[in-house]
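*Asks:* Protein chains in written order, with our numbering: chain R, 1 to 230; chain S, 1 to 119.
Simulated from the structure, these hints should not be mistaken for lab results. Source: prediction; values computed, not measured. Check before you lean on any hint, since a few could be wrong.
[Stated by the list, open to error] In silico DSSO-like pairs for lysine-lysine, Cα to Cα no more than 30 Å straight-line:
#	chain 1	residue 1	chain 2	residue 2
1	R	Lys-171	R	Lys-98
2	R	Lys-98	R	Lys-217
3	R	Lys-53	S	Lys-53
4	R	Lys-171	S	Lys-14
5	R	Lys-217	S	Lys-93
6	S	Lys-14	R	Lys-217
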Amino acid sequence: MAHPSQLGFQDAASPVMEELLHFHDHALMIVLLISTLVLYIIVAMVSTKLTNKYILDSQEIEIVWTILPAVILILIALPSLRILYLMDEVNDPHLTIKAVGHQWYWSYEYTDYEELAFDSYMVPTQDLLPGQFRLLETDHRMVVPVESPTRILVSAEDVLHSWAVPSLGIKMDAVPGRLNQTAFITSRPGLFYGQCSEICGANHSFMPIVVEAVPLKHFEEWSTLLLQDA
Amino acid sequence: MVEEEQSNKKKGFKLLGILDVQNTPCAREALLHGSVGSLAAGLLHFLATSRVKRSFDVGFAGFMLSTLGSWFYCRISNAQLRRQQVLIQDGIKNKLLYEGTRVDTVSKPKDQEPCSSCP
Numbered sequence: 001m002a003h004p005s006q007l008g009f010q011d012a013a014s015p016v017m018e019e020l021l022h023f024h025d026h027a028l029m030i031v032l033l034i035s036t037l038v039l040y041i042i043v044a045m046v047s048t049k050l051t052n053k054y055i056l057d058s059q060e061i062e063i064v065w066t067i068l069p070a071v072i073l074i075l076i077a078l079p080s081l082r083i084l085y086l087m088d089e090v091n092d093p094h095l096t097i098k099a100v101g102h103q104w105y106w107s108y109e110y111t112d113y114e115e116l117a118f119d120s121y122m123v124p125t126q127d128l129l130p131g132q133f134r135l136l137e138t139d140h141r142m143v144v145p146v147e148s149p150t151r152i153l154v155s156a157e158d159v160l161h162s163w164a165v166p167s168l169g170i171k172m173d174a175v176p177g178r179l180n181q182t183a184f185i186t187s188r189p190g191l192f193y194g195q196c197s198e199i200c201g202a203n204h205s206f207m208p209i210v211v212e213a214v215p216l217k218h219f220e221e222w223s224t225l226l227l228q229d230a
Numbered sequence: 001m002v003e004e005e006q007s008n009k010k011k012g013f014k015l016l017g018i019l020d021v022q023n024t025p026c027a028r029e030a031l032l033h034g035s036v037g038s039l040a041a042g043l044l045h046f047l048a049t050s051r052v053k054r055s056f057d058v059g060f061a062g063f064m065l066s067t068l069g070s071w072f073y074c075r076i077s078n079a080q081l082r083r084q085q086v087l088i089q090d091g092i093k094n095k096l097l098y099e100g101t102r103v104d105t106v107s108k109p110k111d112q113e114p115c116s117s118c119p
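Start from the sequences, fold in the hints, and give me the full structure.
*Replies:* Below you can see the structure in the form of structure tokens.
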């Protein structure tokens, strides 16, 4: 999850997010070099004693500062497009979960085998246990088996919401009357936090998302327990 | 332990406020190689031509090229290593899963004993 005064991304918990982090580093290195170049040119121009009022054109530099930016853009665009299409892939998911946004909570439906559904409300600040995170904890978490391809169908019951979990590299709009599909694989077990990412009313900031990745055996035990309680 | 990790991450130095040098893989090496390349190129040019300003320009160009070259080489190597790591992990998983079956490519399955009740 995020820590105070954090500027960068959270640690990746899915292969897609790892790829996004690598691409981000790549783009940032290019940005750094361009910024350094611009800074150097500014300093050189300000400190030069050369003045020439009669320069009209220069073919060489025109060619350089046309070709070079095009090459830089290609170097950025190719990995970007690769990741874009990678994020769209849905490779034979083992599990499908529906995440439906309401004002102001999420509900999850596991309907592959049995009718398992529950709501996920934020835990109020006054009810938090020691060690829990303010405005991020929920009463029921979305549990998924670790290292299993999972498909999420995101929709909404009332207004626009958005289901987002930064450490998994997922953000998908929840639109009433529409099913948006996304997929992920969690690389490691753990808790992954997210928050609603589309303004949806007074309590938009108070409908978080918690994904709990557990081994398959524990997932089966959890789902069996929930079905018995239902 | 979480606090130690957080304090280590906070110590990361952001070059020009953009790039976190310590926590970004290959960044530190690329910048070090770039600095060395810049120094070498600028110095050599100055020794050859005794032109100060132009040597600075050559040194800067050397910095850009060395940094970029080192960065791409390191990133491509890391990507290849990651790919190999995934293949090895999958291979280990599949070996455990398919050991003793027809799909097992390492050891052949034992010949089945003849069925005594079969006609």
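*Asks:* Given the proposed pairing of Lys-98/R with Lys-217/R, does the C-alpha separation stay at or below 30 Å?
*Replies:* The given pair, whose Cα atoms are some 21 Å apart, holds under the 30 Å limit.
*Asks:* Given the hint that Lys-171/R pairs with Lys-98/R, does the C-alpha gap stay at or below 30 Å?
*Replies:* Cα-Cα ~14 Å, so holds.
*Asks:* Below or equal to 30 Å on CA atoms is what counts here, so check Lys-171/R against Lys-14/S.
*Replies:* holds (27 Å)
*Asks:* Just to be careful, I want the Cα atoms of Lys-53/R and Lys-53/S compared with a cutoff of 30 Å; is the pair within it?
*Replies:* Answer holds: Lys-53/R to Lys-53/S is near 21 Å, not above 30 Å.
*Asks:* Between the alpha carbons of Lys-217/R and Lys-93/S, is the straight-line distance 30 Å or under?
*Replies:* holds (17 Å)
*Asks:* Can you confirm whether the C-alpha distance between Lys-14/S and Lys-217/R stays at or below 30 Å?
*Replies:* violated (43 Å)
Checked against the numbered hints above, the structure breaks only hint 6 and satisfies the rest.
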